[in-house]
Structures are given as structure tokens and as C-alpha cells.
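Asks: If you're matching them up, the sequences are chains A, B and C in order.
The first sequence finishes on residue 475 if you use this note's numbering, and the numbering steps up by one all the way, no holes.
The second sequence finishes on residue 1475 if you use this note's numbering, and the numbering steps up by one all the way, no holes.
The third sequence finishes on residue 2475 if you use this note's numbering, and the numbering steps up by one all the way, no holes.
Don't read these hints as lab results, they were simulated from the structure.
Label pairs and their in silico Cβ distance ranges:
(1) A/Lys266 x B/Glu1452: 28 to 36 Å
(2) B/Leu1330 x C/Gly2141: 34 to 42 Å
(3) B/Glu1452 x A/Ile252: 38 to 46 Å
As the structure is a computational prediction, the values presented were derived from the model and not from experiment.
Using N, Cα and C, we set each Cβ at its ideal position, and we do this for glycine too.
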Amino acid sequence: MKQWSKYFFMISAILALAVAPGELTPLYGEEAPPEGVAPSDDDEAFKAEYEVMVAEHGFHAYAFDFFVTSMLWTVIAAGLVFLMHLGFATLETGLTRQKNAVNVLFKNVFIISIGILTYAACGFYIHYPGDWLIPSVFGFGGPIGDLNLTEGFTFGYGGLELAMTGYGDFIFQAMFAATAATIVSGAVAERIKLSSFMVFTLLLVALAYPLAGSWHWGGGFLAELPTGAFYDFAGSSAVHGFGGFAALGAVIVLGARRGKYLRGGKMRPIPGHNLPLATIGVFLLWFGWFGFNGGSVLSAEPQALGQVFTTTAMSASMGAIAAMLTSWILLKKPDITMALNGVLAGLVGITAGADAVGPWAAVFIGLVSGVIVVFAIIGFDKVRIDDPVGAISVHGVCGIWGTVIIGVLSPEISFVSQVIGTVAFCGFAFVFALVLALALKVLIGFRVSEEEEDEGLDLSEHGQEAYPDFGKVTG
Amino acid sequence: MKQWSKYFFMISAILALAVAPGELTPLYGEEAPPEGVAPSDDDEAFKAEYEVMVAEHGFHAYAFDFFVTSMLWTVIAAGLVFLMHLGFATLETGLTRQKNAVNVLFKNVFIISIGILTYAACGFYIHYPGDWLIPSVFGFGGPIGDLNLTEGFTFGYGGLELAMTGYGDFIFQAMFAATAATIVSGAVAERIKLSSFMVFTLLLVALAYPLAGSWHWGGGFLAELPTGAFYDFAGSSAVHGFGGFAALGAVIVLGARRGKYLRGGKMRPIPGHNLPLATIGVFLLWFGWFGFNGGSVLSAEPQALGQVFTTTAMSASMGAIAAMLTSWILLKKPDITMALNGVLAGLVGITAGADAVGPWAAVFIGLVSGVIVVFAIIGFDKVRIDDPVGAISVHGVCGIWGTVIIGVLSPEISFVSQVIGTVAFCGFAFVFALVLALALKVLIGFRVSEEEEDEGLDLSEHGQEAYPDFGKVTG
Amino acid sequence: MKQWSKYFFMISAILALAVAPGELTPLYGEEAPPEGVAPSDDDEAFKAEYEVMVAEHGFHAYAFDFFVTSMLWTVIAAGLVFLMHLGFATLETGLTRQKNAVNVLFKNVFIISIGILTYAACGFYIHYPGDWLIPSVFGFGGPIGDLNLTEGFTFGYGGLELAMTGYGDFIFQAMFAATAATIVSGAVAERIKLSSFMVFTLLLVALAYPLAGSWHWGGGFLAELPTGAFYDFAGSSAVHGFGGFAALGAVIVLGARRGKYLRGGKMRPIPGHNLPLATIGVFLLWFGWFGFNGGSVLSAEPQALGQVFTTTAMSASMGAIAAMLTSWILLKKPDITMALNGVLAGLVGITAGADAVGPWAAVFIGLVSGVIVVFAIIGFDKVRIDDPVGAISVHGVCGIWGTVIIGVLSPEISFVSQVIGTVAFCGFAFVFALVLALALKVLIGFRVSEEEEDEGLDLSEHGQEAYPDFGKVTG
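Next comes chain A alone, as it looks inside the complex (with noise of 0.2 Å):
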């Protein structure tokens, strides 16, 4: 363990420290901000930046503060999506032993740490690549640099399409990155050694994740294809369908939780041990998607913001009643985790579309979400793929088929185009995922020994209990 730690910090330090130097000097270090773009209640300079305005745009005032509100909820949206990860950090808690709680909440709290570094580091300008190494497939830019002064004039960053500063498009893909990692978390859960899944989720976020969603949302050739552009709104394919696929090849090399699946075909079910955190989780969410969804407008346009946030939280809602319906029938009790589960599956299911469709759209993609995570969840365990979350039948089920829809629905999407685009967002994670982990379990395991399982992981990797003191009211 000791070794890997010093690997790491290493790798930080370095990470850190050789990059830092030519930036340790401050923005406004050297120089005073850019004239003419910070306001200032100097009624002078407030003349001359109208006027640069003026002569440069045309007509002004009204680009400016369009761009000012629009940024504004750029990084409002980046907080919301940042949310989520403590939605998924109390989510995968929840729904998992008490035994591995700590170590559910230590993944957690790396991953979006990690993620966001990392994401400095290289995945923003893999992401969103200047230059194409592999032509629409790879490209790579380095480390991101000072992204106020090397884009000039404020909003000529993005224009009004993309109405944020550079800062404020990295914060918020930033906030998206971990996400593909977080959902793998939760799936491989109760096992995984925690070593090997630092390492599989710096791979994943760093280099995968903007890899992949290059192809699309950086101008790669899904952004291309003779079938029309593939279309994915906020992300139900290139950041949960991945995700999710991303955990089914993880889960396959890693193998079931010892004594879920006994001879002659049985099952053990393994709740988990706090359902209400389970269900903050699920709230928090909910909550989070509407800056994910919402920010994803990558402006306060009025009209597609009111629209998204309907759509987002219509699907989310006949999701749960869906799933309640669902599972009431199947199960005969209305079961709790079901219905938070469907209201993530509805939640997933829009997000490809939440621009594009009406309300009752909306609720029609919600409705077959909430029913299709119920079966695959079951069906996944009828094959015996362990997944304690539910995160590959969430995410990866319900990402294709809310990614696919659209192309049903909107007649300015082309179906194979989003076929195209499922499988190879899809496909890629499932290989990437399958491959590194494979890799990992030759190299220094992927799981970790049956005794440290049956322990739990919080005594065995962290020496740490969640609940410690529970049950001593006084003494």
C-alpha cells in the first residue's frame, strides 16, 4: 500500500509543482486587468468600455449582459453538478453495508478531487482538443493556463453560444468529468481494492472520459457523421451511458460480492444500511441535474432554460412512479430503492433530449425509464453481474435508451446517428474499462483477498469505523 501512496504522491507533487512555476505569478500580477472589461463605478471607464463595445459588436450593452447572466449561471450550474457527488457519495453509502462506508465516502471524496485535477491537467484540452493528434478521434493540449487573459475580451471566448469566460466552461466540464468515474464506484463497491480503483478512476477521468467525449461535444467525428450529427444534450450516452458501460466492464473482470449469488441458481439479497441516506442521495441528485441539465444550455437563454428544467424534472417524476408501479407489481411491495432508482432512470433517460422534447415527451421517456431500470436491474442479477447500486441498469440502460428516443421522436434527429453514437460512447468505456482492469489485476490486483471482504473494507484498507460510538447514548 505504502508503495502506491508514494506513487502518488509523486505523481501530485509533480503534477503540482512543475506546472506551477510559470503560474505562480498571479493574474493581475504584473499587469492591471485588461482595460475595458472589468466594470467599475467609474462612470469614465464604464463610457470607454460602451464604446469599445459599441464599435466592436455592433450593439453592445445587450450582448454584455446576456454574457454576464449567462456566466453567472455557468458557474451556479458547475456548483449544482459539483452537488451530485455528494448525491452519489450518500446514494452509494446508503445503498451498501455499513462495513464499507467509509471507504465509499473516501472513493468518493477522491474521486471528484482527482477528477477535477486531472481535468486541469490534460482531460479539458483532450477534451476539447485545439489540435487533433488522430484526426476526430484524439487530440491533446496540454494543461489549461490562465483562461481569462489568453482569451482577450470577455466574451470572446465563446460568443453568445457558449456565453461563459474560459474559467467558466472548465469549471463546469470539470464538475461533469468525475462524474463517469462516480458511477463505477458505486457498481464495483464492497470489493474493489481501493488502491487499484485510485488508479482506475485517474486512467478513466484523464484520459477516457475526454477521449470519448471528444467525438462529440469537441468536434470528433460523431460531430461529423454522413448521417446527420449525433445528438446528446447534456450527456445520457457520452457521460452516463459511458459511465455506466464503464462499470459493466469493471464489474465482469471484479466478480460478485462473496455470498450474493449461492448454488442452484439462488440469490442473496444484500441491502444496504441506510436507506435515508440513500434517499438524500437521490434528492441531491435530482437536485444537482438541474444544473447539469440546465447549465448544459451553455447560456440563460430564457426559453430552453424554463423548457429544460420542465422536461428534467417531468421525466424524473414519472420515472419514480413508473419504477413505484413497476416494482409494486413485480415484487408486490412498493419498494423503496426501487422508486429512488427510477427517479435517477428518468433523470438519465432526458438527459439527451431535455432541449429537444415537450413535457409529455418528457414523461413518456420518463415513464419506459422508471419500468426498464426496474427489469434490468432484476435481469442483471438473474445473470449474475453484481452491481449493488443499480448504477449499470441506471446509467448505462437508460442512457442508450434516452439517447436512441430522440432519435425516434425529433424528426431532426437521425436514429442511426444516435445508434452510432450509443455504441460507440458504449462500446469504448466497456473495452477501456474492461482492458484497465484486467491490466490491474495483473499488476497488482483488482480485488481485494476474501478475508479483508468478509472484514469489510473500512477495518481492512482504512482502519476506520462509519459508526464507531453508535448505540453508546452516555459512558
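Knowing the structure of chain A, use the given hints to seat chains B and C on it.
Replies: Okay, now just chains B and C, sitting in the frame of chain A:
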């Protein structure tokens, strides 16, 4: 149980599919977005839009940008009100017993989901009727359609006083709608039959809440009282009083939890099982209330926004301190649940006049709210009205207080009108809930059996435990 | 106890009622809102307002819309900082023992409530004095009045550099004020007497924090140092250093928890009772910190906003990774509580210069923060300073680090001034807390009895348990 689930499934399926076909064509499916609305970075398009604005509105950009910022606030506020439902879920779960935790969580996932769906299916156009069927009392306009296309030019929907698009208006109000039902949920917890509660909620949210709401916010008779318009800024009566008195009606039919009230006038306290969870709930409710009250400004008007945030925070703060001290004096110990209910009391109290009073009047409203909530909770227990979370006291009693007091404090608001409005909301909610609860009692039963209540609703209704694994540190 | 509660009640009642009468006339009670301020959809009114703007400000709409957007951000940021108090509440509760959980929660509800009220009663005008009583050191201006009316034209309050209304300024700063006390709360947990803590908090928040704050943000002597103005963007020293060293002063008087430090230099670890709760706390603090730092831009200026969100996230991320690795090396196991404190260390560290450094300098600041917080926590334990949650290390030590380092990194900021400012804040907080704690110790006792400590503060102070029902699945 299974029978009911079938009905629900049918209703939901009809809801989704009957309305869906006409809407399955996505918004921008066959034609491009309306010209001159969606911003683009094309200077020519912008100039054209700008000229349209100038021609139609005389002076333009100012109005448009104010509209964009306001609409952004509307959807963010909708998100905050959504988060209040997590607040309610955790508060109610924390203040009830462990054996009913799953049931409380399940009900809360159901409430927000069905609330949003029914508000789209019929609530919105009952709440804001185009045509009255019974003038000033009841109107109905069917399900929502495409709220972008039908309203034409972006801020043609509500101008700058209701500065949002149609979808913005809908989603903000939809998040409010479920609140009434969630207030009831806490009061009837630990003994109500799940299927009956679901029907009760459906009818309360789909019909009763928007019907009553139309009297005031929909321009009905309370907006046209001869004594002057009834005033209720964000809904001390229209939402909280309504919910609190609906809860009272339901609780009277339902009866107290077994073992709560003993012979000889004695009372057994039944403490909640998780006070950290309840505290999380109250903080989240306070946080969400900034959207509840702040969003009710209906624009980003800066003076009103600052004032509403300030009065909301100060009333909540004083409510907390007042309830702490009152409970300390009455019960000899500073009681955390009373402190929490004091926060909520202050929030409910200020909701009717958050934009109409100054900071110290808000402190006065919060002070009285915090004192009366403690007496109300103790008082309801004395008359054997069993309300596990204090919802009737917090929302019902303090809702009345907050609504009526601004008729005293503000010379512009008629005291008589405030009394009429309060009676109308609370009286209607009480009678509606009472009658509906009695009908359900006769038709399908309103309460679980004694055995189920003793066993706990988690096992009897859901076959699940909230913390199945607790205490198992290893193994 | 009862005696104290009476005093509190009296003080609060006086606070509310003495000031209230003059304010009970609501804002728009006797006269209409000031002409030309509140938007309406009446074109004529708009045109008039527009002309006023042009006449007074020369070019107008641009400025007004920037102001509206900025003010929206201010109140949202205030909401986010409010949510940090839930973060502190859950973090502190999670890191302490079950038997004291109610007490920790109660204190946190008290802190935010009394913090807001006292900031309105006297803090705001001590923090930002109109007139100095002791020039550049201490001023006082009474309670807040109507901050809309007194400031006239909407953005006459602070122009476009402090782009908010009076109420916006107040509520954002009020949310900050209680932070100092909540930092102390964690460090003194599990053994402080409730009534003494309440008095301590009241005086710390009402007097000491705004007094020290006036030296810098209020334009006092730290803003006028001959070596150049002290720089502390959002309060690494002014808030966190202050809180951390106030905690140190209080802890020294209070002493360690019973059983923590044994004879012969041995130390018994006392783990917190609920690590998922603590993790929720840290994620919420990180989320809220986007408002803490982002709101300190004091407008929606897009370049600064994007930069501040980015540097804040990157320092927190690197702090987490650094603390994970440091604890892994030092303690042989990756420690979740160290990882959590690493996040907070990175956040505290970047707070002083979030707008003044680039992303990789932020990584450097976070890296060092994450390393030193681990050593500081272990170090304070070595010298038998018992801080259950590590508040002194996180807020005190990393607060100093963050403030001083930007004097090195930025050529525009004087290292000497940074040292002077840091010493002023931390020194004053330490001495104030030490003297106040000693006075309370002599007057009414600062610590509970040994019996009460062993029994736990929940039962001894509140007569309540945090989880009274736990383990009772049924019955």
C-alpha cells in the same frame, strides 16, 4: 394492494400517453426556433432582434436583460423549492420512529413526483384559469402544452412583473404544489395506509390546492374582495395554512398513534429516531425558503430581493431563539425539536408579508411565531390531536398568524380581508381533507391495522428496513 | 439554567420590541415605492426610468442590468453561505460522540440564528462603521434600519463595485458573521457548558468579529498600512484565522475532554460517531464555499467569477489528495477524516487569494494546506490541545498560511502587511476568547461537571437523545 397499483398504473399510463401523442413532436422538430428569439452569436440576427425590441417596446435591451436575469432566478428558485422536499423528507423521517422511516421516505418521493405530474396534467390551469367555470371560484383548462411556442415573443408571457417564460412560471409553481401534501404527510405519519395516502395526496394536490389557490393568485374572489384584495405574498395561508389544516382534517379522521395517549389523561412522548436527520431537514427547508419567498418576487427586482432574503432570515432566526427560550422555560430544558420547529414557525410566519415589512417587524413576527408554536404543539397534545412532527402547529397556526398580522402592521392591507382569506384557505382545506379522509376510510380504509402499526409500516407496507445492516461492523 | 434563559428572553424581547415600533410601518406602507426604481411592465414608467438613468449615469441600461445580475448573485451567494452552517452542523456532529450530538446540533441552530440577529442589531455598523469612535479601530452605528429607503436610487448604494442593495450587502455579510462562532463550536464540543457557550457566541459574533473585521473590510487601519493595504479576499484571516484562534483561546481555558490524554504521554483517540454525516458536512461546506468566495467578488463580474470558482475547486481538490497521501504515509492507512480536513484546509487556504492567483498557484496553496493540516492536527494532539474536529488546524493554521503566502506569490501584495494583518486578526481573536472564557469560567462556569460530561451533554443539558429509537426495527 395490487389492485390499487393497477389503477394507479392505468391512470398514469393514460395521463402520459393520452396527452403525449400530440406532443411527441419535439419543440423545434419541424421548424426552426422562432426568429429573433433565441440568442445566437450572429451579429445580424442580434441586430434584427434588437430592432424588433425597440420597435415593439420602445427601448428594449434593458427590458430584455432584466427579463433574462429574472427568468434565471425563477428556475433557480424552483430548484430551491424542490430541495425543500428533501428538507421535508428528512425532517419527517428524523422525527418519526425507525420502524416507519422507509414509509416516510417513500411517501415523500411519491409526493413530489405526483405533485409535478398532476400540476402539469390539470393543476396549473386550475390554479390560473383562463376561463372560470364558476366565476371567481373554479376554472379548468386542461393539461399544459408547449409553454414556449404558445406564448410567442419571449417576454410576451408575463412582461416584467411576471418576468419568466411559461415554463418558468409552470415549474416554479409546480414545486410549490406538492408542499401542501407533504405537510399532511408528516402529521399522518406512522399509521396511515399507504394506498389511501397516495389517493389522498393525488386529489389534494391535483384539485384542492390549485382550486383554492385560484381564489387569490389566480385572480379569483379573494383578489376582488370589497374590503380590499387579500394579501399573501408567498403563501402563509395559501400554502402553509392550507397544508396545516388539511393535516388537521386528516388527523381527526385518522386518530392518534397507538400508545400515544394513555388513560387518565396521561401522554407518552414518542421521540423521533434521528435528530441529526431532522436538523438537516430544517436547515434545508430554511435554505429552500429563500427560493420559496425570494422566487415569489417573480422577477430579479433588486430591492425586493434583498428585502425578502433579509426578512425571511431574521424571522427564522428570531423564531428559533424564541422557541428555544420558551421551551427552556416551559420544559426546563432547551429542546432541539422545539428549536427546529421555531425556525420553521418563523419561516411560515414571514411568508405572507416578506416583501411588505421591514427587518424588525420580521423579528417581531418571528418572535411571536416561535412562542406560539411551542404552546400550539403542547396544546394539540393536550386535546389529543396526535401530530408526530408538529406540522399543524407550524404550518397551520403560524400560517394564520403570519397572514393576519400583516393586516395589522400594514396600513395598505385590510385586516378584514386577511381574516376572510385565512378562513377561506384553512376552512376549505380542513373540510376537503375531512370529507376525503372519511370517504377513503369507508371505501378502502384510511389506517393500517393494529398489527401493522405495531410492526411498523416499513415491514408491513414495504417489506424493507431503513437500516437493515446496522451494528454489523464486520461480517 | 432557568435564570440564564430569562436573561436571554429579556434581551431578545428588548432587541425585538425596542427597535421594532418605528419599523412596524412596512416598507411601502405610506408611500408608493420610489419612482423610477421598481420595474413595471408599463412602458411609460420604464421610459421615464430609463431617461433618469441616462441623465444621471450617462449610459445606463448596461449598468442597471449588470447591477441586477450582480445583486441576484449576492443573495444566492448569501444562501450558499447559509448552507455552510448546515455543513458545519453535520461535520461537527459527525466528528463527535453520539452522546453529545443533540448538543452540537442545538448549538449550531443557535449560532446561525443569534449571528444574524446580532449582526442586524449592532454587528453590521460595527463592521462597516459610518463614524469611528476610535479612529480606524472601532466604530458603532446602531441597528440596521430600512436599507432600501435610506439608500435612495437602486444602485446608489455601492455602485458597480459593490453591486448590491443595502439589504443584499447586509444579508451576505450576516451569513459570514456566525462562521467565526461555529468554528469555535467544533473545537469546544463535548464539554462546554451550554449557557456559557451561548454567551460566548453572542459576544464573539456581536462584537469581536465585526470589530476586527472593520480593521480591514470596514476601511480601518489594516486598509491603510504604510506597507500597503492588507489583502484578504474572502477572509482566510478575517474569518477563518479569527475563528480558529478564538477556538484556541477557548480550548486552552476549557481543557481536554476527559479520558483523551492519559498518563505517561499516551493519547486515546476519540473517534466521531457518524462519518457519513461528517462527509455530508464537508461536501456542503465545499458547495457553500463557492458562495463564500464567489460572492466576495461583490458583483457578477464574469472573469473574476470564473477564476474564483476554479481556484477554489482546485485548491480544495489538491488539499484532499495531499491530506490523503500525507495521512497514508504517516498513519499507514488512508484516513477519511484527514481527507475531509484536507478539503477544508484547501478551501481555507485559497480564501485569501482566490481572485489573485491562477489555477496552478491554487493547486500549490492547496497542496501545502493539505500537508500542514495533517501535521497540525497531530501536533496539537502532541501538546495536548484537544480539538475534536481539528478546527484550530483547519481554520487557524491554514488561515495563516493562505493569507501570508499571497504576500509571497503576488508582487502587488505586501508580505509585511500580510503578516501584520494575520497577527492582528489571530492575536485579537485569541486574546478576546481567552479573556472572555476566563471571565465566564469565574462568573458562571465554562465547563460541565465530570458527571455531566460522562453522561453526555444530550441527556444532561437537553434531556434528549439523538437516536432514541435506534435498533427498534419493530414494536
